[in-house]
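Asker: Those protein sequence lines, which keep their order, are chains A and B.
Numbering of the first sequence is given in this note's numbering, commencing with residue 1 and proceeding in unit increments.
Numbering of the second sequence is given in this note's numbering, commencing with residue 1001 and proceeding in unit increments.
The calculated label-pair distances, taken between Cβ atoms and stated as ranges, are:
{"id": "1", "chain 1": "A", "residue 1": "V33", "chain 2": "B", "residue 2": "R1268", "range": "54 to 62 Å"}
{"id": "2", "chain 1": "B", "residue 1": "T1131", "chain 2": "A", "residue 2": "Q17", "range": "21 to 29 Å"}
{"id": "3", "chain 1": "A", "residue 1": "R51", "chain 2": "B", "residue 2": "H1148", "range": "22 to 30 Å"}
{"id": "4", "chain 1": "A", "residue 1": "Q17", "chain 2": "B", "residue 2": "W1075", "range": "19 to 27 Å"}
{"id": "5", "chain 1": "B", "residue 1": "E1091", "chain 2": "A", "residue 2": "F59", "range": "27 to 35 Å"}
{"id": "6", "chain 1": "B", "residue 1": "D1300", "chain 2": "A", "residue 2": "R51", "range": "47 to 55 Å"}
List of simulated lysine-lysine pairs, DSS-like, C-alpha gap at most 30 Å:
{"id": "7", "chain 1": "B", "residue 1": "K1192", "chain 2": "B", "residue 2": "K1133"}
{"id": "8", "chain 1": "A", "residue 1": "K63", "chain 2": "B", "residue 2": "K1086"}
{"id": "9", "chain 1": "B", "residue 1": "K1086", "chain 2": "B", "residue 2": "K1192"}
{"id": "10", "chain 1": "B", "residue 1": "K1133", "chain 2": "B", "residue 2": "K1013"}
{"id": "11", "chain 1": "B", "residue 1": "K1314", "chain 2": "B", "residue 2": "K1254"}
{"id": "12", "chain 1": "B", "residue 1": "K1057", "chain 2": "A", "residue 2": "K63"}
{"id": "13", "chain 1": "B", "residue 1": "K1244", "chain 2": "B", "residue 2": "K1254"}
{"id": "14", "chain 1": "B", "residue 1": "K1013", "chain 2": "B", "residue 2": "K1057"}
{"id": "15", "chain 1": "B", "residue 1": "K1057", "chain 2": "B", "residue 2": "K1086"}
{"id": "16", "chain 1": "B", "residue 1": "K1013", "chain 2": "A", "residue 2": "K18"}
{"id": "17", "chain 1": "B", "residue 1": "K1057", "chain 2": "A", "residue 2": "K18"}
{"id": "18", "chain 1": "B", "residue 1": "K1013", "chain 2": "B", "residue 2": "K1025"}
Note that these hints are calculated values from the structure, not bench results.
Cβ coordinates follow ideal geometry from the N, Cα and C atoms, glycine included.
Letter by letter, the chains look like this.
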Amino acid sequence: MIRVLIPSPLFSYTGGQKQIEAEGDSLEALLSVLDARFPGMRHRIVDEQDRIRPHIRFFVNGKMAQRLDRRLLAGDEVMIVAALSGG
Amino acid sequence: MTAPVTLLVGTRKGAFIYRGDAARKAWQLDGPHFLGNIVNHLVPDPRDGRTWLMAAKTGHLGPTVFRSQDAGRTWSEATQPPAFRKVDEGEEGRAVESVFWLSPGHASEPGVWYAGTSPVGMFRSEDGGATWKEVAGFNDGLYPEIRHAIFPGPNGAQAHSIRVDPADARHLYVGISIGGVFESTDAGGTWKPLNRGVDADFLPDPDLEYGHDPHTVALHPGNPQRLYQQNHCGIYRLDRPASKWIRIGRNMPKEIGDIGFPIVLHPRDPDCAWVFPMDGTEVWPRTSPDGHPAVYRTRDAGESWERQDHGMPKQHAWWTVKRQAMCADDANPLGLYFGTTSGEIWASADEGRNWNRIAEHLPHIYSIAAA
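Work the whole structure out from these sequences, hints included.
Answerer: Next up, the structure:
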């Protein structure tokens, strides 16, 4: 299982849950699982060309992951960050 | 007395609903809804009276469309928001940054909607906004041909003013800022420019086929042969089948000029329209000229214009009105409404003679529509 930390802008999808347990052997696979559970979430953070949106960051075990093919292992922690985006 | 009017207001920080009484004097706030969302457009469906669509995003999250099927009481998100096709590895793919414009389709096509986006794209829904597909003739046909002439304004290049001919569901108009006005007679399969007569004084070639900057294009609902356009370079009228616009803004007072964003038509009188002029001098302050706001009305298709500002501030009102932020209801006498960049809503229940501020302290207003 992967522990996923959810930023507040996505609480409307998770029903307010701040942490999710989900499976996936890559960020891409994890996002597919999350999108199946919380429809629409993926499109808000990854665009239609599979690019991470400009104000979103993914950290795996505290290190920023810049590609969706980043491999994941059971026990990893994925933090989704909604970065600063102006006033 | 008329049927109650509801105002759908999209702002930089969410959606606000104002429900009016029958006299259009008392207004009750319902909201904010989706607080913190950037709401570019919030539009009712005149065909069923209960469907509303909202074009939204947040500072962090990508763009989407929210739908209400009970006139704003409950909302759900589009299951397939407007998105360009995924390209193959190595190709340059586009991504929708914001859904900028929403238009209900033809009366004979319930459930059909069109969306205009930034970067420039057009999308169509056939299920009341739940799922969206690209208008291929626009995104893959027109866009590659004209992309060299498209350049973005302060908020990016946008497709807007998608107008469906009430007499022909396959006949569409669209405005592109910056790019020009285009027309399709085959439901968006193919497009041709419609910019003759329109100035583009910001470009070196004054006789371009396209590359102009329409701010709003309006099609008269009762006489779809009659179009108006508020452009970066003036106010225009076009009577089809002619294809050359006439600059009716030349008849505006010289000290006011004919620069602005919105143009609103009287639904029962094709000769009657309102504009909201703004300061387009030098660096384009995008404020009311001299801080003294007013609408200007024509009742003779642009041959002459009259100022209407009774009730508005006489000085130091440094706001203006964006292209989606002015509208009319369909009551008699006609009600007019505009929302300002400073978060005020102004209303007239007598076709612009008298104005009252019905809301203040809202966020920057992007759109207003009457239901």
